[in-house]
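Chemist: Given the coordinates of chain A, work out where chains B, C and D should sit on it, guided by the hints.
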Amino acid sequence: MEKIRTIFAGLALALVAATAQATTEIVFYHYQTGAPGKTLRAILDDFQKSNPDVVVKDIYKHSEQITGEVQAALAARRPVDVTTVIGKNIVFFAGATPAVALNDPKNGDAKWLDAYLPNFLDAGRIDGKVYAIPHAYGTPQLYYNKDIFRKAGLDADKAPRTWDEVIAAATQIKQRTGMAGVAHLHASMGDYGTMVMVTNAGATYLNKAGTKAEFDSPQGVAVLQMWQDMAKSGIMPVANDQQWGAAFQAGQMGMYITSSAALRGFVDSAQGKFDLGVAQYPLWKEQPRRVNNSGAAIMLHAPEGPRREASLKLLRYLSRQDVSNRWSRDTGYMPLIRNPQADPAMAKYIAEFPLVRPSIAQMAETLPTATWPAEGALEAQVHIKNMLDELWAAKRPASAIVPETVRKVNEALSVNLKK
Amino acid sequence: MTLGAPWRAVGHLVLVLLCLSMVVPLLVALGMAFKPPNEVYSLVPWPQAPTLDNFRRLFEQVPFHLYLWNSIATTALRVGGQIVIAVLCAYAFARWEFPGREWLFGAVLGAMMIPHTLTMIPIYMMIADLKWFDTWRALVIPNLAMPFAVFLLRQHFRSFPRELFDAAEMDGAGHWRALWLVVLPNLKPVLSALAIILFIDCWNEYFWPLLVTDAPESRTVQIGIREFLQADHNDFGGLMAGATLASLPALAVFFLFQRKVMDTFLASGIK
Amino acid sequence: MKPSVSLAATSPPLGATTPLARRGRQWHLAPFLYLAPMIVLLVVFTYWPLLHTIYLSFVKWNMNPDQPMRWVGAANYRGIFNSPLFDAAFRNTLIYIIASIPLKVLLPIPIAIFVWTLATRGQMYRALLFLPTLFSFTVVAVVFLWLLNPISGHFVQIARLFGGQWPNVLANPDFAIWTILLISTWKVIGFNTLLYVAGLASINRDYVEAMRLDGASDWRLVRHLLWPLLTPTTLFVLISTVIFAIQQVFTPIDIMTEGGPQNGTTNLFYMVYQYAFRTFNVGFGAAGTVIIFAFLLAITLLKMRTLDRHVQYQQ
Amino acid sequence: MAAISFRGLAKHFGAVAAVQDFTLDVTDGELLVLVGPSGCGKTTTLRMLAGLEAPTAGEIWLGEREIARLPARERNIAMVFQNYALYPHMSVAENVGFALRLAGMKADEVARRVLTAAEMMGIEGLLARLPRELSGGQRQRVAVCRAIVRDPQVFLFDEPLSNLDAKLRMSARAEIRRLQQRLGVTTVYVTHDQVEAMTLADRMVVMYEGCIQQVGRPLDIYARPANTFVAGFIGSPPLNLLPVSASGMLRLPQPLPSLGAEVATIGIRPESISLRASDLRRPLHFTAHLELVEALGAESLLHLRLGEWPLLARVPGTVTVSAGDELALAMDGSSLCFFGHDGKLIDDTDTMPTHRSEPKP
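Protein chains in written order, with my numbering: chain A, 1 to 419; chain B, 420 to 690; chain C, 691 to 1005; chain D, 1006 to 1366.
Looking at chain A on its own, in the form it has when it is part of the complex (with noise of 0.2 Å):
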C-alpha cells in the first residue's frame, strides 16, 4: 500500500512538473550584436518573466546574411516564428514567404498595432494588410564637424539648414582648409542614398508597387544633378559610404549625411577630438523634409497554433511604448511609438542627450523606405548604382544620365507587371 501511495505520489508530481514544462519555444531571427545584441536579450529575457510559458530562442545572424538565412531556414522547414527584415526587402518577403498578416482577425485584436506612428507602420502595409512592425529603424540626418565649421569661418553652433546652405558651407571649408565639405551615404547599390535624395526632392523614387521608377522628374533630375556637382567641385571626393564614415570620423571631412543609427559610433570616435553637431537632414528649395527610414521590421512567420499565439505575445510586448522606448534608448534607433516623450525615462534621455533631438524631430517627416518587387531588382539596382557612378564621374550632365536609367530600370522591373 504504502508503495503504490509512492508511485502515485510520484506520478502526480511529474503531472504537475509536466504542465509546468509545457512552454512553447520560439525563434526570432535578428542580425543585433554588440550591445543592441545585449539589450535585445535583455528585453527578450524581460519577456519571458513576465510570460513564463514562452521560450525565445533569439539567433543571430549577420545583417548582409539575415535574409538569405531567413529564406533558407524556411525552405528547409525550420522553424522560424519572428524574424527581422531589411526594409526594402518587405514586399519580396510578403510574397515569397509564408509571412503571416498582423492585422488578419484571425490574430485577435489589431488594435496594438496603432501605437505606432502610423508613417512607420505603413512600410509594412500591402494592400491593406500589416505584414511588418517598425523595429531596428533610422532617419538620415547631417553630422557636422564643428572644429572644421570653425576653422572654415562658419558658424558652428549653426548648421547649415538646406542643401544650398549645405553646399555653401561645403565650399567653404574646401576653399578655407583644403579638406573635405560633405558626403551623403549612398548604402548598399546606390538603392537607399538615391531614394532619399530624390524623394526629399519631391520626387517618386518607385512606385507604391515597386514596379516602376519615376525619378527623372524635374526635381529628381535637379537633385541629382547637384550630387553631380558635389563630386565635380570637390567637395565631395568620390568614395563609399564606409570611407565617408572613416574620413569623418578621423576628423577629415566637415558633414555626413548618414542614418541615425550611426550616432553612438560618431560621438565615441569624436569624444575628445573634435566637436560633433547633429541636425536634420538638409530641406530642398524650402519644400517639406521627406526622408525615407533606413533599417530593418519585424515580421511574423510562425505557423498556427501555440507558436503563432507566443510569438504575436512577444510581438504585443515589444509595441508596448515603455519597451520601444527602452530599445530606442539602448541601441539608438528611433523611438517608433506615438508620442515617445510622453513617457518620463524618454523624456529625460532626450534632454540629458540633445544630439538625439534632430532624429526625434525628424520622426514625423520620415516616409517608408521604397520596397522593391520580386524580379529584377537586381538589374534595376545595378542601373542605379551605375547611374552614381557616371554621375560622379561627370562626364555627361545628370539631365542625360538620369532619364536613361530610369528607363532602363522600368525595363527590368517589367517582368513584374506582365503577371
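Listed below are the simulated EDC-like cross-link pairs for lysine to aspartate or glutamate, each with C-alpha atoms no more than 20 Å apart in a straight line:
| id | chain 1 | residue 1 | chain 2 | residue 2 |
| --- | --- | --- | --- | --- |
| 1 | A | Lys38 | B | Glu636 |
| 2 | A | Lys57 | B | Asp553 |
| 3 | A | Lys395 | C | Asp864 |
| 4 | A | Lys38 | B | Glu479 |
| 5 | A | Lys273 | B | Asp472 |
Since the hints were made in silico from the structure, they are not lab data.
Computed from a predicted model, the values in this text were never measured in an experiment.
Modeler: Just chains B, C and D now, with coordinates in the frame of chain A:
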C-alpha cells in the same frame, strides 16, 4: 646555388620592399586593435593611448573563447580528415591503373569547379534533413572532400621515385604500409604546405559556419569577428582585436609547419 | 643450347600459362577502397547539390516550401545572358583570370627560387610574405579601404605631404579592377611562394652543385633544372589560380566596390552571388552557377590538354 | 635456397610485347645474368620475378611454389635497385632493417641482424647516417646489405653498378661475386654491360626484343654465339660480321664447302687475326688496308678496311704498324663462325680446311 652579388642585391632589395608592403597594412590593423574609439580613425598607425578595451569587449560581447575553441577543434578535425582522405585518393590515382581511372580523376577535378558558396542551399537542406544544425558534424563533414588537395598530392605522388615504391614492396610493405612508412614521410614539405593551405581555408571560412550554426556554443571565430562589422554599428577596434586574436593560432600553425618544411627541405635526398 | 640443369622433378609443364583473370580479387579492389571516402563525399556534398542546382536552374521558385516550382525551361539562362551585369561580369572574369597568371602564378616563381637560394636565411622573408595569408580577407579589405581612402587614407595623406596627388583608384572604373587584383595578389603571393618552395624542397642540392661545377650559368640552372622540377607545382598553382581567381576576389569586391564603379569590378561569381543571396532569385542563381561550372570546366580542360603534354615532356 | 623455373613467361604493355615466351630454369645457388641492350626485356623479366610486374602469361616457379601471381612480399626475394632506392628519410640501419621490422621481428633481433649484415659489407660504421650523407659506393653497399639481411631465397640485382665510376665498378663487381659465392644464394643479375655479364655469370642469358637469344656459360656463348645479334653484342670488341661476298677477299675456299645451309654472314674474332709475319701457323692469309691504330698498351686495336668492309683486329701491343699500311694478315679458320640467312649460327665447321683447336671450356 648562389647568385652573383649584383643579382643577390637586387633580390634582397625587391624582397625587402615586398615584405614591407606586406607588413605595413598588417601593422595598421594591429595598431587599431589597441586604439580607443576616438583614435581608431586617426592616421597614426600606433595608438596614443593604448588600451585593451577592444579585447575586453571581444570577450564580453561575444563568447569569443567558445568561438576559438570551436574553430580550433573543428579546424583540426576537418584538416586532418581532409588530408587523410585526399592522400588516400591521390595515392590510388598515382599508384594504380584501373578501369575508369581517368574518368574518376576527371570527376574529382571537376568538383573543384563547383563553387561551394553557390551550392550551399541544397547542402543546407540536406543538413536540415539530417538535423545536424549546431553540431561540429555540420561544420566538418560536408567539407571533408578537397579535390584540389588530391590534385596537388597526385602531382607529387607521380613524381615520387618509382624505385622507392618498388623497394618498399620488395621489403614486404603492402600498398598500405608503403604509403604511411615510405611515401608520406618523404612528402613532408608538401604535406606541411597542404596542411597550412587547408588550415587557412578552414579557419577563415565564414558563410557556411554562419549558415549551419545558430547557437553561440557552436559558432566559429570568423562569425565572432564579422559581428563587429555590421551596418551602422561598425566597431573597427573590436574587429581588429578579433582578427589579431584569430590569426594567432594560424601564426602558430604556420611557424610549426614552417619548421617541418624547413627540416625536410634541408634533409632532402629524393630526386 | 638446352638449359644445363633440369628440374624435371618439380618443374611445371612447359607452356602452361595462367590467364590474367586469376589475379587476386583484392588486387582489383584496393584502388577503389582508397578512393571510396573521397568519391562518396563528393557525390553527396558536391555532385548531388550540383544536380539539384541544375534542376533549379530550369525552374522558377522563390524558396518558399509552400509554393510549387514552376518549370520555365531556359528562361533563367536567357535572363542571365540578358542581364545588364552579364557582359561586364564576363569580361571582368576573363581579366581576373588572365591577369592572375602573371601576378599569382609566375611572379612567385622567381621569389621562391631566390628565397630557396638563401636556404635557412630565407626563412624571414618567407614568414613575412606569408603573413597576409593568415588574416581573413574581410580584415584585409577593410584595411585597404582605409589605406586607399581618398580623403583620410594613408596613401593620399603621404602623397599630400610631398605635395603630390594620389589617384582615387577605387572610383575609377579602369583602375578599380587592377586595385582588386593587386590586393588579391598581395594576399596570396606568399602562399603560392610557399607552394613553390615546397616543390623546390625535393630538389637535391648535389645536382645543383654538380651543374655549377660543370660551369652552368644561373639561367641554365633555372631553365634546365629548377623550372622542369617546378612544372608539376606550376601546373597545380595555375589550375587552382584559374579556378579560384574569381571566387577569391569575392570579399574585396563585396566590401570595397560592390562590383562597381560602373560594373568595373564585378565578375560572374559576384553576379551569381547577388542574384542568389541578395535578390533571392533562385533560378538565376542556379543558372549562373551552372554557367560558371561550364566556363571553368572548359578553360581547365583546355589548359590541362596543353599543359599536361608539356609537363610530361618536361619530365 | 631454391631453383627458379620460368615457363612461357610473357609481358605485354598494350600492343607491345616486352617479354615473350621466356622459358628457363635456374639452378639453386647459380648466378644468372640477364644481358642485352636497353629495352630488350631483361628488366621486365626481373621485375616479374620480383613481383613488381604482373606477367601477361606464363608461370614462375620458385622451388615448388608457383609465384607468378603472388605479391612481392610473399616471394622471399630481395632486390638491389639501379639507383639503390634507399629510403631518404631513414638512417642506414633503418633502411637495412626495414624489411625485418615489417616482418614483425623484435627490435633487438633486427639490430643484431642488421649489424651482422653491415659487418659483412663493411659498413657498420655508417649505420647512423642518412643516405644523402653517403658516397655512391657506400650507398651501393647499403643497398646490397639491405638485400642480404633478409636472408632471402633469391637475390635480384638490377644494374646495381651502373651509377659507379669505372674503378669502383670493378671492385664492386668482384665483391658481389665473392658475396654470392659465399652465401650461395640463387641470384639473377641484370645488366646491359656484357663485360660485367661475362665476368660475373655462372650462366648468362642474352636477350633481344623480348626474346631469349642464347643461354649458356659466358665462354660458350663467346665462342659459339647463337646468332648474329649475340655475336655482335658479346665480346669487346665484338665479332666482325662480314657478308659472305667478302669471302673472296678473305681468300676462303671458293665456293665455301657445304655447311648444311647457305652461309650469309661470316663472323671473325678480332683476336683471331694476326700479322702474317708474326704468326705463320695460321693457315688463312689475306691483305687489308690499315686505317687507324688504337694502342691500348698490352694490345692494339687495328681498324682495317677490307674492300668496302670495316674489320677490327686485336693484336699484341708490341706490333709496330702505322696507319696507311697495306697489311698482310693471317687468321685461324677454326675461329670463324658462319651464319645463315636467318642470322642463326651454322653449327658445323668440320668441313673447313684447317686443323681445329679444342673447344674452350
